[in-house]
Each structure stands twice: as structure tokens, then as C-alpha cells.
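S.K.: Next come the chains, spelled out residue by residue.
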Amino acid sequence: MKILVAVKRAIDYNVKARPKADGSGVDLANVKMSMNPFDEIAVEEALRIQEAGHATETIAVSIGPKQCQETLRTAMAMGIDRSILIETDEEVQPLAVAKLIKAVVDKEQPGLVFLGKQAIDDDSNQTGQMVAALLGWPQGTFACGVELMGEQVQVRREIDGGIQTIKLSLPAVVTSDLRLNEPRYVKLPNIMKAKKKPLDTVTPADLGVDIAPRLHLVKVAEPPVRQGGVKVPDVAALIDKLRNEAKVI
Amino acid sequence: MTALVLAEHNNAELNPATLNAVAGAQALGGDVDVLVAGSGCAAVAEAAAQVSGVRKVLLCDSEAYGHALAENLAPLLVSLAEPYEHLLAAATTTGKNVMPRVAALLDVAQISDIIGIESADTFVRPIYAGNVIATVRSSDAKKVITVRTTAYDAAAATGGSGTVETVDGSAASGASQFIGEELTKSDRPELTAADIIVSGGRGVGSSENFAIIEALADKLGAAVGASRAAVDAGYVPNDYQVGQTGKVVAPTLYVAVGISGAIQHLAGMKDSKVIVAINKDEEAPIFGVADYGLVGDLFKEVPAMTEALD
Amino acid sequence: MEREAMEFDVVVVGGGPSGLAAAIRLRQLAIQNEQELTVCVLEKGSEVGAHILSGAVMEPRALDELLPDWRELGAPLNTQAQEDRFLFLTEKRSFRLPTPPPQNNHGNYIVSLGNVCRWLAEQAEALEVEIYPGFAAAEVLYHEDGSVKGVATGDMGRSRDGGEGPNFAPGMELHARQTLFAEGCRGSLTKTLFERFDLRNGVDDQVYGIGIKELWEVQPEKHVAGQITHTVGWPMDRSTYGGSWMYHLEENLVSVGFVVGLDYKNPYLSPFEEMQRFKTHPAIREVFAGGRRLSYGARAISAGGFQSIPKLSFPGGLLIGDAAGFLNVPKIKGSHTAMKSGMTAAEAVFDALTGSEAQGLEVTTYREKLEQTWLWDELRGVRNIKPSFHWGLPMAMLYSAIDTVLLRGKAPWTLRHRPDHAQLKPAAECQPISYPKPDGELTFDRLSSVFLSNTNHEEDQPCHLTLRDDAVPVAVNHARYAGPEQRYCPAGVYEYVGEGEDLRLQINAQNCVHCKTCDIKDPTQNINWVTPEGGGGPNYPNM
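Residue numbers (our numbering), protein chains in the order written: chain V, 1 to 249; chain U, 1 to 310; chain C, 1 to 543.
Quick caveat, the hints were computed from the structure, so don't treat them as lab data.
Cβ atoms here follow ideal geometry from the backbone N, Cα and C, with glycine treated the same way.
Hints may be right or wrong, so weigh each one.
Pair by pair, the computed Cβ-Cβ distance ranges are [stated by the list, open to error]:
#1 D22(V) to R160(C): 44 to 50 Å
#2 M1(U) to K247(V): 26 to 32 Å
#3 K280(U) to N104(C): 53 to 59 Å
#4 T373(C) to P198(V): 27 to 33 Å
All chains, full assembly: derive it from the sequences and hints.
M.R.: See below:
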């Protein structure tokens with residue numbers, strides 16, 4: 001079975017994003033970009049499944065400008081066998097990304113598609129589910145445990161209030177949550193080897209996908225600054241406020 | 001203009017998150033219908049019909065929907081979508097799991113985790129982990145939306161007079177199967193999912209003293225968190241840490257005890273709906289963001305609060 | 001423990017201006033002469049530029065020599081210096097003084113050195129230099145004969161107690177015929193080399209300053225692209241070396257910062273607080289009204305200049321850049337000389353390697369060549385300026401004017417340096433300084449500032465701020481000097497917590513911005529900064 005992992009080049013999780021002063025977008029000039037942390041976890045899971053002998057080949061795919069090659073090289077330095085860059089300088093939103101990934105899936109025929117549950121820039125948490133819908137495949141989202149069982153995959157999922165376990169027939173789409181695994185450190189010799197692994201480039205047009213955005217950015221702004229409220233004189237007053245004014249207890 | 005809200009429930013009771021989603025839908029200005037799909041969930045439909053402002057409840061009662069599996073729910077929603085311009089769900093794990101599938105099947109974009117509605121096609125949502133607020137306009141005919149529950153006060157659970165209409169579902173897809181669930185009900189809730197969090201900071205003084213925090217948390221049914229200073233000082237293990245390099249949380253109520261409010265901590269809890277601070281230093285920065293502040297000795301106030309809460 | 005090893009011709013430790021210039025020059029020579037030469041650059045920051053912080057007004061002299069077509073190649077030197085202003089400040093007033101000749105910036109560019117390094121890294125990679133960010137060189141490796149064999153990267157995935165975590169990955173050895181140490185000011189491996197090869201024998205102690213920088217986006221009407229301002233005087237007193245810079249870059253950005261000489265005497269002095277209060281001066285604060293602070297960071301600089309230049313070569317390796325100390329203090333510039341030293345080292349190393357197969361060569365020709373370059377003349381000419389500040393500001397300004405204008409740097413004497421850490425007076429002999437509280441708009445607290453440096457370290461790892469003797473902080477630093485590390489650290493790493501018997505030094509290693517000030521200023525040299533896990537530390541954007 002082949003495993004396809006989709007990875008996104010997004011703002012590094014250490015960097016604080018800020019809106020530009022004119023509100024027209026986020027200031028990304030010279031900002032450090034890295035592989036989306038949830039995608040790193042997805043890559044790690046794919047590798048572990050391969051190392052356990054359940055997959056013959058792992059493929060990474062990324063969509064974006066040429067610099068996404070770096071992200072794919074990182075995936076290959078972790079151990080992914082080969083990668084595909086769908087190169088475009090245009091904005092690609094989740095629905096378009098899902099269609100592009102479907103096109104790759106149609107060609108590569110993997111048994112499992114892994115994605116991070118959401119990208120830390122857009123925070124949409126949609127792409128994996130959309131890929132599954134377009135393919136008509138089952139989905140295991142927010143996975144904190146993945147176990148292959150023959151022609152099925154058992155997924156433990158983080159839900160509000162606990163953990164849910166579901167079983168999906170393969171082929172299936174799984175999106176990773178934070179606690180799924182701890183990605184391995186990339187080793188120097190593997191970075192060198194990754195430079196020689198295959199990286200193919202195609203365009204959305206090659207795949208016959210219309211990537212025109214459906215959501216249009218009107219403006220961005222900083223979140224409203226939280227103001228201090230009131231001081232209460234004692235515990236009784238506090239409980240009263242919480243119960244009767246804020247109604248949170 | 002009508003909106004359809006996917007109800008969240010456990011087949012017996014309506015999940016409160018649905019009330020926030022309904023409130024969000026009502027902000028669109030048109031009629032609001034609710035879909036209750038489940039297995040043996042007639043009571044939920046009745047409850048939904050009583051929610052203030054709900055016009056009609058669509059009840060789809062079939063085993064296929066017993067556990068809100070996306071592969072089954074999404075086609076159902078698609079089959080019912082035609083009259084609705086807006087399809088919404090609370091941004092719970094169920095809503096987040098199901099709605100994008102609906103959007104893709106309808107070939108439209110989804111607008112996730114909205115915190116505001118400017119018009120029928122323009123919405124406000126947080127991006128970059130809440131560091132940036134984006135206003136976006138959808139050019140699709142149908143809008144699929146998930147609503148952040150803390151953004152809209154719950155619609156009243158009673159006073160409504162909606163009708164209940166049964167609709168047909170379809171067979172389960174079979175591609176996915178519910179195996180089981182482990183819900184942390186009696187145990188302390190998990191930090192990132194908790195509705196209420198009580199956090200201790202350096203002021204707590206020792207790991208033994210953290211029992212004071214835990215006692216209050218237990219009374220409130222809350223999760224226990226900590227500032228990095230408390231973790232660094234060894235009072236609690238580091239998975240309790242709320243903050244820039246710890247967990248980012250957005251509960252309905254966050255009680256910060258003995259926490260000064262350094263920006264690194266605020267980064268992890270600033271999206272809490274209500275913040276309470278208990279600290280003996282009245283100049284502590286935390287009071288600059290707390291909705292309710294109590295200046296006092298935590299060793300006196302916190303046990304007093306625990307006792308008073310009954 | 002057996003570690004894997006990789007072989008290179010040259011390994012460069014540090015992806016800053018000197019390291020990258022050296023790597024580029026080496027590959028240029030290799031290509032020109034059709035020679036094989038593998039060059040590897042190790043950088044502890046998560047990307048090139050992540051740990052780079054500087055004012056900076058850059059003299060393009062070295063860049064012109066290294067990459068003459070830098071304009072066509074898109075080097076980010078976008079703002080030409082337009083106007084130099086030199087101000088003397090008192091608490092309420094400012095006086096414009098004639099611009100000291102070294103501070104005439106005609107022909108120079110106001111840059112983000114981090115962006116320049118990012119661009120240099122692209123040029124280097126185009127020449128097939130292998131650059132590995134996220135890997136800290138943690139250990140120098142030696143052959144049996146004592147010559148440098150290369151370096152080893154630090155282990156990844158060690159837990160706080162030193163044990164092996166679940167993802168443990170041992171460090172790798174990088175062997176090289178020549179290793180260039182380009183760690184920047186107070187390099188941690190360089191420190192061990194000084195000891196091992198006695199490289200500081202006969203030269204003055206290195207002396208340092210700490211530079212604390214903020215990057216602001218100001219209101220367009222307050223922005224004057226190309227304007228360069230330096231101040232002396234307030235808030236420093238006459239006997240404390242320090243001054244500020246304010247540079248207007250492109251796009252309404254202003255780089256503002258303060259340097260405090262680390263030979264300051266009063267343990268109650270906080271360089272961070274000095275920088276914050278400096279901004280409140282009436283002549284300064286207007287620029288920032290209505291603006292927003294984008295970034296913050298700090299770094300020590302080598303200010304010893306000519307008389308502190310150590311022996312630069314040893315068997316198997318060389319020192320380049322600010323690790324050796326080529327910063328021109330009166331010019332307040334170090335990147336052009338850093339680059340020049342890297343380029344010169346590259347030329348010497350190339351000749352040596354192509355001339356001989358031997359391992360562990362000591363490339364003494366590096367220093368010989370360097371002494372023939374403009375770098376040497378430049379540093380020699382300004383050598384007496386910094387040490388003259390021992391006499392206090394008024395005398396220093398007078399002396400500097402004489403030395404620069406009349407003597408033209410050719411005084412027959414050389415003033416000497418004294419080690420910074422030994423200058424601290426006991427707290428009992430000094431007055432605490434009352435600093436104003438931050439207002440959250442113009443002035444800020446330390447933690448909010450560190451927040452803007454995007455600093456992060458893997459939580460569960462051994463603390464990289466090591467103490468030679470655990471008892472010294474409470475017994476000496478706190479007892480005698482009132483715990484100065486609480487004040488000189490610009491990132492709030494050090495805190496004394498508890499009282500009486502429970503008093504202890506708490507080290508918040510997570511906040512460390514890798515400035516090296518603690519390693520320099522600790523009065524008993526008890527703090528030894530070593531590299532944390534690679535990739536950790538600040539992630540400076542545009543700094």
C-alpha cells in the first residue's frame with residue numbers, strides 16, 4: 001500500500017503573525033516558514049506505518065510556490081520516499097487543495113491519505129474532510145492513535161470530552177491531532193540524502209483543477225485588546241457575579 | 001432566507017453548544033431550522049423545538065446516525081440543503097468533523113469557527129491562532145459555517161414553539177464503524193477541552209499547596225492548569241502548563257490564582273470568555289485582562305470560594 | 001559512544017556574516033580553480049538569520065569585494081544612509097554635536113543584518129555550500145596529535161536530567177581539514193579554544209558591550225528614510241560607557257537600540273531598563289508615538305578591537321568574525337570587518353589545502369594576509385578610542401577627538417583594556433537605580449519583550465546555562481552583588497526566588513536569547529553558556 005501525506009508550508013509556530021498596518025493582509029515579509037506542525041505529525045505517522053511493514057511507499061505532496069520544495073525536502077529528510085510539488089503562486093483555499101489532492105490520489109492510488117488536522121495559519125480544519133468527501137472515502141479526523149488491521153484502519157480520535165474509536169475501511173483519510181506522535185529529529189546525513197530523492201513538479205492546470213478562491217479577504221485586524229473588568233471585594237461577590245452576571249457557573 | 005443548524009446531542013439530550021450555534025444562526029436575521037439526526041433521539045427533537053426562535057426541527061431517526069459519523073451525516077445534510085442558504089453547526093469536534101464534508105459535497109467553501117457575522121455573506125473569524133482576526137466574504141450561493149460557541153450567548157432553551165417534521169435518512173455508508181468512546185466525565189476534564197479551568201501560578205508556593213487549586217477545580221468540575229512559573233518551580237508537571245509554549249485554551253471560565261499575568265501566559269488563555277484573577281498583588285498585570293479581579297491572599301480566598309460553592 | 005561522522009574539506013561554525021563570507025569565498029576559489037572543495041556551514045538557529053541581531057548601518061566594502069554584482073543579485077541593501085546626527089543628551093535636553101568622522105556614513109546602507117545573512121546564505125547555496133540550520137556545534141573534536149579534527153553537533157532529545165528521551169538522536173561528528181569558528185561574540189566553542197591553545201597569551205582581555213534592539217513601525221510622517229542618529233550622555237552617567245542608535249530603514253521601519261559597555265560598575269544597573277528609559281527622552285520619544293513595536297532582541301558585541309585580537313590560528317582551525325573580535329567601535333560597525341576576516345581566512349585556507357594533503361595544518365598565513373588588509377589598518381587606527389572611556393565621557397570625547405583628528409589614529413601608545421567582569425563593585429558600595437515602570441506603549445517589561453523575539457527552546461532538555469559551582473550564586477552573586485544577573489540579562493532568565501534558607505537562583509532557560517552577556521559579566525565567571533539543542537533560541541524577523 002502507498003501512503004500519501006499532504007504537507008503545507010506555513011508560518012513557523014514560533015513566530016507571531018501580525019496584520020499589516022493597512023489591514024490588507026498578514027505581514028509575512030521575511031517571516032520564517034516551516035512545515036505545518038500537524039503535518040509533521042502526519043509525516044511521522046506515515047513513516048511509522050511504513051517502518052512497521054504496512055506500506056511500500058510514502059509520498060509527500062505540497063501545494064504552493066517554489067519554496068515549498070524546502071518543505072518537501074524536509075519531509076524526505078524525515079524519511080518520505082518521494083514528493084510532488086503542485087506549484088502555484090496563487091492563493092489556494094481548502095476546497096481547491098482538496099481537489100488537487102484528489103487528482104494526485106486518482107493517479108497514485110494510495111491506501112491511506114494523511115493530513116494535519118489544520119494549518120496554523122488559516123486554522124480552517126477542513127481539507128482532510130473535504131478530500132475524503134470528494135473521494136467518497138471514510139475519514140478519521142483528530143487522530144491520536146492509528147492502528148492498521150488488515151483491510152481496515154482503527155482510529156482513536158480526540159473529541160470534546162474524551163476519545164472516540166472508529167474503524168474505517170481502506171482506503172481512508174486520516175488527519176492528525178497533536179498527541180498522535182512526537183515527530184523524529186531530522187538527521188544531518190538524511191538531509192543530504194533527501195536532496196537526491198525524487199521531487200516532481202506539476203501545476204494545477206496540469207491536473208485540470210480550477211483553484212479560484214471562494215472566500216475573499218475583506219480585511220484583517222488585530223484582535224481587540226482585552227480590557228480589565230472590575231475588582232470584587234470578596235469571594236461572595238465574586239461568586240455572585242459569576243453566577244448571575246456572567247452566568248458561567 | 002433560512003438557515004439550518006445541525007444539532008449536537010447524545011440521543012437523549014441536546015448539547016448546550018447547539019444553543020450557541022442557534023444564536024449564531026439567528027444573527028443572520030432569517031428563519032432558523034434545526035436538524036436532529038440520531039438514533040432514538042425523539043426527545044432531542046422535542047427539546048430542540050422548544051428552543052427560542054427555532055422555526056422547525058427536522059428529525060431523522062435512524063441507526064445510521066446514532067454516533068454522528070460524518071460519512072452518514074454529510075449526505076443527509078446535503079440531501080436536505082436545497083432550501084437553505086446557510087448550513088451551520090457549532091465548532092465542536094462533531095461540527096468540525098462533519099461540516100467540511102458537507103461543503104465539499106456541495107462544492108462550496110466552508111467558513112470555520114466564526115466569531116461574528118457582518119452580513120449574509122460576510123463573516124469574521126480568527127486565524128493564526130487568534131493573533132489575527134479576518135473578515136471574509138463568500139462568493140458561494142450556499143454558506144457552510146461552523147460557529148465558535150463562546151462567540152454567541154446561548155439561545156433560550158425554552159419559550160420556542162417550533163414544529164417537528166420527520167425526514168427520511170439513508171442507509172449507513174458502512175465505510176466507517178463506531179467502536180467505542182471513553183468520556184472523561186467523572187474524572188477531571190482535559191485541559192484543552194474543559195469548559196472551566198482553574199490555574200495556579202508561582203503564588204501557590206509548593207506542589208502540596210496545589211491541593212487548594214485542585215479542590216476548587218473539583219467543585220467547579222474544572223480542569224487544572226498552571227503557569228510556566230509554577231511548572232518551572234516543580235509544583236506540577238509540565239502538561240499542566242497554559243501559555244505560549246504550553247497549551248492554548250479558550251474555556252468559558254478561566255480562574256487564574258497566584259498568576260501574575262506575563263504575556264506568555266496570556267497568550268495561552270486570552271480567548272477565555274470570562275477571566276477571574278485572584279492575586280495578592282493589585283498591580284499584577286493579570287488584573288488588566290481579568291473581567292473580575294479579587295485582590296487577596298489566595299490561601300484564604302480560594303478555600304473560601306471552594307466552600308461557598310455549593 | 002560511537003557517533004556517525006561526515007567528512008568535509010572545510011566546516012564553518014556559525015551562519016553569520018563572517019561564516020557565510022568565508023564559505024562563499026572558498027567555493028568561489030574552488031570553482032575558479034576547478035578544484036573540488038566541500039564546505040559545510042553549521043548554524044544553531046532554526047534558520048540563517050534567526051540569531052542575527054544588529055543595528056545596522058553597513059559599509060559595503062567587503063560585500064563589494066566578495067560579490068561585486070550584489071545589486072543585481074538583489075542583496076537587501078535598500079536604504080542608503082542620508083543623514084548622520086550625533087546628539088549629546090541630558091535628562092531633558094539634547095545637543096547636536098559635530099558628527100565624529102568615523103560616524104560619517106556616506107556611501108553606507110541601513111540594513112537588517114538578518115536579511116543580509118539570509119541573502120548571503122542563498123548566494124552560498126547557489127555555490128554549493130551546504131548549510132545546516134538547526135544544528136548546534138557543541139563540541140570541538142581533536143586528533144590524537146591535538147590538532148582540531150572538526151566539531152560534533154549536540155545531541156537532540158536529551159531530557160532535563162540528561163537522560164535519553166524517546167526521540168533521542170545523538171550528535172554527529174563533522175570532520176574537516178580546516179574548521180573555521182565563526183560563532184560571533186563570546187562564542188562558546190571559541191572560549192574553549194582560547195584555553196586549549198592559549199590563544200589570548202599576550203593580548204588584552206576582550207571587552208564587550210550589550211546591544212539591546214527594538215524594531216518599530218512608526219507613523220509615516222515621523223519616518224525619515226536614511227536618517228541615522230547616535231546619542232551619548234543620558235541615561236548613562238559619566239563613568240558608564242553607553243549610547244544609542246536610531247536608524248530609519250525602508251517601509252516606516254525604525255531600528256532603535258542601546259549599547260551598554262559591560263565594564264559598568266554598578267551591579268544595580270539594568271541595560272534593559274536603560275534602553276527602555278532612553279526612549280522616553282523628549283528628543284527621542286516623538287518618533288515612536290503612535291507606532292508599534294514589532295520585534296525585540298539583544299546580543300553582546302566584542303568591543304576590544306585591535307589590542308584584544310587573539311592568536312587567530314591553531315592546528316586545524318581559525319577564528320573569524322566577532323568571535324575573534326574585529327568590530328570597529330567608533331564606527332559602530334562589525335559586519336564589514338567580519339566578512340573581510342572570513343574572506344581572508346578563506347583565501348589562506350584555500351591555498352593551504354590545495355598546497356598540502358596534510359591534516360591538522362595551522363594556517364598562519366591567514367593572519368599574515370589579514371595584517372595586509374584594510375581591516376588591520378582600520379582597527380589599528382581606532383584602537384585607543386574605546387579604552388579612553390575609562391577616563392569618563394568628557395575626557396573620552398576630548399581624547400577621541402584628538403586621537404582621531406590630530407593624531408589620525410597613529411598615537412605611539414596603546415591604551416589597555418581591563419576585563420569587564422572584574423569591574424563590578426559590591427552592591428554595598430553602590431546606589432540602587434530607580435527605573436520608571438513600563439507604560440506598555442513606549443516602554444515595556446522584559447517578558448513582553450522576550451515574547452517579541454519569538455524565542456523558544458525545547459522544554460525538556462538539560463539547562464544550557466551551566467554553573468561551575470552551584471553554591472556561588474547565593475553565596476557570592478546575591479550576597480555581594482545583589483544578584484546582578486537578574487538585571488543584566490535582557491531576557492529575564494535569572495531570578496532569585498525564595499527567602500532566607502530557601503533562597504535560590506532560578507534559571508528560566510526557555511527565555512534565553514543567546515546574547516552571552518551572563519557568560520561575560522558574571523563577576524566570578526561562574527556561568528558558562530553552552531549551546532542548547534539546535535534550533536532553539538530566538539527567531540528574529542528582520543533584525
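S.K.: Next, verify each hint and record whether it holds.
M.R.: Do the hints match the structure? See the list:
{"no.": "1", "hint": "D22(V) to R160(C): 44 to 50 Å", "verdict": "45 Å, holds"}
{"no.": "2", "hint": "M1(U) to K247(V): 26 to 32 Å", "verdict": "30 Å, holds"}
{"no.": "3", "hint": "K280(U) to N104(C): 53 to 59 Å", "verdict": "56 Å, holds"}
{"no.": "4", "hint": "T373(C) to P198(V): 27 to 33 Å", "verdict": "46 Å, violated"}
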